[in-house]
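So the protein sequences, as listed, match chains A, B and C. Under our numbering, the first residue of the first sequence carries the number 137, and numbering increases by one thereafter. Under our numbering, the first residue of the second sequence carries the number 137, and numbering increases by one thereafter. Under our numbering, the first residue of the third sequence carries the number 137, and numbering increases by one thereafter.
It is worth saying that the hints were derived from the structure and are not from the lab. It should be emphasised that the depicted structure is a prediction, and the values quoted were computed from it without experimental measurement. One or more of the hints may lead you astray.
Since the list gives no way to pick one copy over another, a pair counts as held whenever it fits inside one copy or between any two copies.
[What the hints assert, rightly or not] Subject to a maximum C-alpha distance of 25 Å in a straight line, what follows is the list of computed DSS-like cross-link-like pairs (lysine-lysine):
1) 204 to 143
2) 212 to 194
3) 142 to 253
4) 253 to 204
5) 234 to 141
6) 142 to 217
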Amino acid sequence: MTEQKKKTTIVLFSGDYDKAMAAYIIANGAAAYDHEVTIFHTFWGLNALRKEELVPVKKGFLEKLFAKMMPRGADKMGLSKMNFAGMGPKMIKQVIQKHNAMTLPQLIEMAQEQDVKLVACTMTMDLLGLQKEELLNGIEYAGVAAYLGDAQDGNVNLFI
Amino acid sequence: MTEQKKKTTIVLFSGDYDKAMAAYIIANGAAAYDHEVTIFHTFWGLNALRKEELVPVKKGFLEKLFAKMMPRGADKMGLSKMNFAGMGPKMIKQVIQKHNAMTLPQLIEMAQEQDVKLVACTMTMDLLGLQKEELLNGIEYAGVAAYLGDAQDGNVNLFI
Amino acid sequence: MTEQKKKTTIVLFSGDYDKAMAAYIIANGAAAYDHEVTIFHTFWGLNALRKEELVPVKKGFLEKLFAKMMPRGADKMGLSKMNFAGMGPKMIKQVIQKHNAMTLPQLIEMAQEQDVKLVACTMTMDLLGLQKEELLNGIEYAGVAAYLGDAQDGNVNLFI
């Protein structure tokens, strides 16, 4: 008889570099702890999953506007505090380097290596006009029902 | 012997349109999943429960100031990101309409129809000078002890 | 045979006065409810644990800059909404006084009296250049693994 694995689920709503860092640090920690881990990216949190390069897809006017205004990928995201028009993220990245800590793109890569389930919320992808081609490879697509299916058995459930 | 219902509790602290949408989408999803669902509105989250019309109640100076500065009802709330002095909420409402998704007021109405327990935090109502007459009908009033009573048996507990 | 105590864990990521108030109100409520309570302070939430007085410690350039720009202690923190360059916090403190509610520093003191475990995240202390001498006495120091150890048995786990 095998013991059931513990579960951690995180809703990543925020599009801030620092909050996404916190989400991925907890997720990677939980995966190292042998939890089954899911990060459900919704609203601005979807930006952490965007590819850095511009992917040519057909979009309506509003969708183009959103795509333009939102950061393309984890490395471009701003801070929730002391952003100072991009100065803050530079400072954070410098101290990360200095302390041999991991940047957000590195944390995301590590999560994928550790089999953290990265999910993009299809409903908010529709709203913001994001298409699968624009998001990282190897992620899953689902809605709130799938999230709740995971979360209702979760030991640690967080909204970030 | 009947199985106990699963429970979802959400503290809605935020007064942002997009965060409140996320809270109500999860709440409605959980209710559809047959969870017992509570949304505990505190601080700026109370604004989602304000009636749209001006309700004449007696207030002190500071309370009047808060009432003036805070959005009167869900429809008036701003975005947590890309608010652009109100442009952002208009864009979001346009894409919601385009995709036949639900606006925040519609999500709140649906939650009430699905018997999601909507609670206003009495302590923060006092602080912000909000009175029962100013809030939607059919909601409950309680403090942090009642919230904890629900949350400690919750399967999914979130702070938004 | 004694029943196991219920557990509440809060990650305090935010450096906002109002969000920290919510965190400490829930924590104190849970402690009164006889829960074992932990607040894990990370990123900007560490500022709630800073001593008010300037503590002379050696720092690098970036660390000095962070230390300068971040609020020194709970009383100096701003609001997440309607901060208005410090006007908002003054208003909140006035209504707190008027309603005989507790200020954030008082809530923190109460938490310490109630044996709420206050933890400072060592990894983000490093990043932001905060040293133990600069933080309140009587707190603990740990990383994400210790947090997860507490949270995975938690009944109420929140990220604020």
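If the cut is 25 Å between Cα atoms, do residue 204 and residue 143 qualify within a copy, between copies, both or neither?
Classified as neither; 36 Å inside a copy, 39 Å across copies.
Within, between, both or neither, where residue 234 and residue 141 count as close if Cα-Cα is 25 Å or less
The answer is neither: 36 Å in one copy and 42 Å across copies each exceed 25 Å.
For the identical chains here, do residue 142 and residue 253 meet the 25 Å Cα criterion within one copy, between copies, both, or neither?
Intra 14 Å, inter 24 Å, cutoff 25 Å: intra and inter.
Between residue 253 and residue 204, at a C-alpha cutoff of 25 Å, which is it: within one copy, between copies, both, or neither?
neither (27 Å within a copy, 39 Å between copies)
Tell me, please, which holds for residue 142 and residue 217 at an alpha-carbon limit of 25 Å: within, between, both or neither?
neither (33 Å within a copy, 33 Å between copies)
Is it within, between, both, or neither for residue 212 and residue 194, if the alpha carbons may be no more than 25 Å apart?
This pair counts as within: shortest intra-copy Cα distance 23 Å, inter-copy 32 Å.
Hint compliance for this structure: hints 1, 4, 5, 6 are broken, all remaining hints hold.
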